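Q: Sequences listed follow chains A and B, in order.
Residues 356 to 593 (this note's numbering) are what the first sequence spells out, left to right.
Residues 356 to 593 (this note's numbering) are what the second sequence spells out, left to right.
Just so you know, the hints here were simulated from the structure itself, not pulled from any lab data.
As the structure is a computational prediction, the values presented were derived from the model and not from experiment.
Glycine included, C-beta positions come from ideal geometry on N, C-alpha and C.
Okay, the calculated beta carbon distance ranges per label pair:
1. B:506 with A:532: 43 to 53 Å
2. B:448 with A:447: 41 to 51 Å
3. A:417 with B:503: 33 to 43 Å
4. A:532 with B:465: 20 to 30 Å
5. B:515 with A:502: 27 to 37 Å
6. B:537 with A:533: 54 to 64 Å
7. A:573 with B:503: 57 to 67 Å
8. B:519 with A:533: 44 to 54 Å
Each computed DSSO-like pair below joins lysine-lysine, with the alpha-carbon atoms no more than 27 Å apart:
9. B:447 with B:507
10. A:517 with B:447
11. B:510 with B:447
12. A:581 with A:517
13. A:447 with A:507
14. B:581 with B:510
15. A:447 with B:517
16. A:517 with B:517
17. B:581 with B:517
Number of protein chains: 2
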Amino acid sequence: MFEVFRRPPVRTEVQRLRPRRSGVTVPRVALAELTPELEPYLAQAAYIQMSIFESVARVATLAPSVRAKESLSPAAGQALDKHHRLVAELGKVTDDPAAQMQGIAPAIDHYAAVVRGGDWYESLSSIYLTAGILDDFFVLLAAGIPGDVGTKAAKIIEADTKRDVIPVLLADAIAADPMLGSRLALWGRRLVGDTLLVARSAIHQSGNVYTDEQRIEPVFTELIAKHSRRMDGLGLTA
Amino acid sequence: MFEVFRRPPVRTEVQRLRPRRSGVTVPRVALAELTPELEPYLAQAAYIQMSIFESVARVATLAPSVRAKESLSPAAGQALDKHHRLVAELGKVTDDPAAQMQGIAPAIDHYAAVVRGGDWYESLSSIYLTAGILDDFFVLLAAGIPGDVGTKAAKIIEADTKRDVIPVLLADAIAADPMLGSRLALWGRRLVGDTLLVARSAIHQSGNVYTDEQRIEPVFTELIAKHSRRMDGLGLTA
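Please model the entire structure based on the sequences and the hints provided.
A: Here it is as structure tokens:
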């Protein structure tokens with residue numbers, strides 16, 4: 356699946372995923388054909404927004420200036436609001452949303468620690484890129500949920516992220532330090548592997564029958580294409 | 356001023372404040388008689404809410420369970436919302452709210468690091484107690500601001516903090532570990548000194564003429580009395 360990269364990425368993280376079998380014709384399967392179970396879907400989608408909130412709150416806390424802090428804080432508020440709205444949806448189908456989320460929390464928390472990065476700029480670019488992939492993924496996955504809950508969840512997730520400030524903050528820093536751009540380009544490529552593992556795990560945990568790698572792959576190709584556009588938006592070579 | 360403590364507190368932090376001169380009759384002065392300058396007042400009040408937000412987001416991130424995390428997250432949202440509303444007020448009287456806040460940010464950030472505590476329970480009790488004192492203080496101070504801005508600011512600060520969950524979380528932990536209660540009681544007393552220094556500094560930076568220690572003291576006595584009630588609410592000996 357990583358052949359869509361225009362350049363060979365750092366392979367460290369990537370090797371955890373099985374290589375694509377060459378010569379196999381991959382059918383173009385829309386994620387709408389995947390029918391995730393509602394409770395695990397909402398629990399995962401809600402907890403991912405909590406994780407995004409925590410990451411944004413952390414970079415806001417560590418921001419080098421009050422101006423940067425101020426510009427990031429609305430993104431924290433948006434992720435927290437989305438979390439609460441998705442938990443409210445989860446609360447309509449289960450008595451104990453926290454218990455539903457507790458099951459997947461350790462894996463997501465571990466993932467968040469892995470993609471945190473070594474400094475403020477890596478953390479910042481990670482939020483923009485990983486939250487971008489995960490938002491795209493959960494919106495796509497919502498299409499397979501029967502009734503109007505999927506539409507509602509997709510609308511919540513798609514609402515303004517207020518993360519548009521991140522490319523601006525990064526552009527200033529990259530312009531002042533070209534080496535930072537190279538480092539963040541490598542970092543941005545590394546993030547994809549771990550993030551797609553979270554997505555794949557979400558499909559598996561949703562008890563979906565279409566978990567065959569070949570069926571998931573076209574969806575991931577779409578996610579990676581959108582990721583590449585975000586990399587471009589950051590001025591980084593995908 | 357620390358004689359209102361029912362027991363002698365740990366003196367480490369306290370000694371930074373000058374001892375009360377014995378035998379001096381202290382006039383009862385309402386903070387309404389202090390007339391803070393609007394811009395520094397709003398900048399400080401707004402940045403304190405940002406600091407509360409950051410502290411709550413941190414304890415939510417580090418919460419031992421998703422249930423605890425969920426119960427704390429609304430308090431983060433409330434503090435962030437109050438911050439944004441106070442910044443909006445600040446934006447009506449200055450072109451550059453971030454610049455106004457930048458001046459006081461290092462002192463508040465340093466204070467936040469000092470009162471953070473050594474573990475999750477100290478952090479949690481610190482938020483409840485220090486944010487309690489500072490909210491009380493900025494509401495009292497608002498009374499001296501001419502026009503309706505003070506009333507508006509006080510209403511913003513006084514709005515539901517969603518921190519009522521903290522005594523519940525602490526009560527469970529203290530019931531399970533009596534030593535924790537003793538440790539948090541000491542910690543709760545220590546926090547007062549540093550917090551009142553922030554408050555005193557806010558009065559000084561607001562360019563107030565009534566900065567004589569004796570005039571500030573009755574106000575602090577009131578803040579400490581309310582602090583003692585919060586300590587009681589936590590089941591801790593003030």
